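Colleague: The lines below spell out each chain.
Protein chains: 2
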Amino acid sequence: MDDPPSTPATYTPTARTTGSRARERLAYDRESVHAILDAGYLCHLGFVRDGAPVVLPTLYARVGERLYVHGSTGSRPLREAGRNDAGVPVCVTVTHLDGLVLAKSAFHHSVNYRSVVAHGLAHQVTDQEERLLALDAIVENAVPGRADDSRRANPKELAATAVVRLDLEEVSAKSRTGGPNDEPEDLGLPYWSGVLPVSTVHGAPIPAGDLSPDIPLPGYLTAR
Amino acid sequence: MDDPPSTPATYTPTARTTGSRARERLAYDRESVHAILDAGYLCHLGFVRDGAPVVLPTLYARVGERLYVHGSTGSRPLREAGRNDAGVPVCVTVTHLDGLVLAKSAFHHSVNYRSVVAHGLAHQVTDQEERLLALDAIVENAVPGRADDSRRANPKELAATAVVRLDLEEVSAKSRTGGPNDEPEDLGLPYWSGVLPVSTVHGAPIPAGDLSPDIPLPGYLTAR
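Heads up: the protein sequence lines correspond to chains A and B, in order.
Mapped onto UniProt numbering, the consecutive letters of the first sequence carry residue numbers 1 to 224.
Mapped onto UniProt numbering, the consecutive letters of the second sequence carry residue numbers 1 to 224.
Honestly, the hints are just simulated from the structure, not real lab data.
Just so you know, these numbers come straight off a predicted model, no measurement behind them.
Some hints here could point you the wrong way.
As the list claims (entries may be wrong) - Heads up, incomplete: computed chain A residues facing chain B, CB under 8 Å, no partners named:
hint, residue
1, Val-63
2, Leu-100
3, Leu-133
4, Leu-168
5, Tyr-191
6, Ile-206
7, Leu-211
Unchecked claim - Counterexamples of contact, computed for chain A against chain B with all Cβ distances above 10 Å:
hint, residue
8, Ser-32
9, Pro-57
10, Asp-149
11, Glu-157
12, Asp-186
Ideal Cβ placement from N, Cα and C applies to all residues, glycine included.
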């Protein structure tokens, strides 16, 4: 994770392996990128403001070869994407942390993870049909089954919502799996080594205080 | 989360509340910032490359009013931070996702979260004592107790490791808690509403394949 590619990869349907670390891989293939994106719903969106980087967490969804993020029409990168036909440069990064890798040496401590970094020009989506599709997709990506089980946005709400699209063109996937890669001369040291698994879990749903007791928990929530 | 402050907050020991959302808060106070930073160890580091934003996941630690991240000396932002005495502009964002908020309307769907966004100029740390302290802190922040229970970096490893510091000056904390904020006219709709809690958990440690069976699991791992 501490050795990122110095130039972003172009999205081509082939796979390559970096040589620097045994089990660390830079994957350019479509399937890896999609799998990592589809396994999450929170991304970190980077943009440039007055020459300085800004990184904000937000929800996203993938639809085919497009990433959608949404937000208030008042938020700066979304406003700029709306004003600028050429689009605004963004970076969308999705990271799943899978484990802490504890080696005999501090130097070889690492993390197991899967990440996707997508670069490109973000465009504000103005087509109404595409906007509705993107908003449904963002809800569905976080909670599959939910879009049909909630009230969709009315015209006033739609007008207050900006939807931004980033085409998946300049995108790379990177991941690490497996145990520590210790130096042979360190293997006799008296320290425990291995992996502490990390995962993100969903707990039992908590009903809203104003929810009628007549409304049961939907199946798409009991199944999680 | 979709309505970020348009200008970053200055770090002052007072707290303020944004008016736009009932339970969404922009906190400037030191305690909130520290608590959110100390509850995590993975950040998203943003920097600017050729005018475009780049966002990469990496480990961090807070020591007092300083954030440290480390990486290979070959990685670009760290190299640039080393070449440039004035520092390079970065944004470090830490996000803890606490829940998916399901409202009656798609529009009021939201997330519960805690996040810190720190802006500023990153400097490469050259002082050897500070470098060692920072590396220990990064290991300790991820796995408390581990720095003393592993082999510390030797001179060759230290030379291959870049440590970058960002002083916590221009930093803001933001969080959301609680249930959905539905429109009164939506409360009668037949959809379930509430919160699906989300948390990050650590599983049972997995010993390395080459670990001697004589070495027991350390206490700092059994306690997690």
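Colleague: Would the hint on A/Ile-206 be counted as holding, given a Cβ-Cβ threshold of 8 Å to chain B?
Modeller: holds (5 Å)
Colleague: In terms of Cβ atoms, is chain B entirely out of 10 Å range of A/Asp-149?
Modeller: violated (5 Å)
Colleague: Holds or violated: A/Tyr-191 as interface residue toward chain B, Cβ cutoff 8 Å?
Modeller: At 5 Å from the nearest chain B Cβ, A/Tyr-191 passes the 8 Å test, so the hint holds.
Colleague: Holds or violated: the hint that A/Leu-100 contacts chain B, with Cβ atoms closer than 8 Å.
Modeller: Holds, because the Cβ-Cβ distance from A/Leu-100 to chain B comes to roughly 6 Å (cut-off 8 Å).
Colleague: Taking C-beta pairs only, is A/Glu-157 more than 10 Å away from all of chain B?
Modeller: Not fine: 4 Å to the nearest Cβ puts A/Glu-157 too close to chain B.
Colleague: Measuring from the C-beta of A/Leu-133 to each C-beta in chain B, is the shortest one below 8 Å?
Modeller: violated (12 Å)
Colleague: Would the stated hint for A/Leu-168 survive a check requiring a Cβ distance to chain B of less than 8 Å?
Modeller: violated (16 Å)
Colleague: Find the nearest Cβ of chain B to the Cβ of A/Asp-186 and say whether that gap is larger than 10 Å.
Modeller: violated (6 Å)
Colleague: Please check whether the beta-carbon of A/Pro-57 is more than 10 Å away from every beta-carbon in chain B.
Modeller: For A/Pro-57, whose nearest Cβ neighbour in chain B is about 4 Å away, the distance does not exceed 10 Å, so it is violated.
Colleague: Just to be careful: measuring from the Cβ of A/Leu-211 to every Cβ in chain B, is the smallest value less than 8 Å?
Modeller: holds (5 Å)
Colleague: Quick one, is the A/Val-63 hint okay against chain B at 8 Å, beta carbons?
Modeller: violated (16 Å)
Colleague: Per the stated criterion, does the least C-beta distance between A/Ser-32 and chain B lie above 10 Å, as a non-interface residue requires?
Modeller: Nearest chain B Cβ is 16 Å from A/Ser-32, so the label holds.
Hint compliance for this structure: hints 1, 3, 4, 9, 10, 11 and 12 are not met, and every other hint is.
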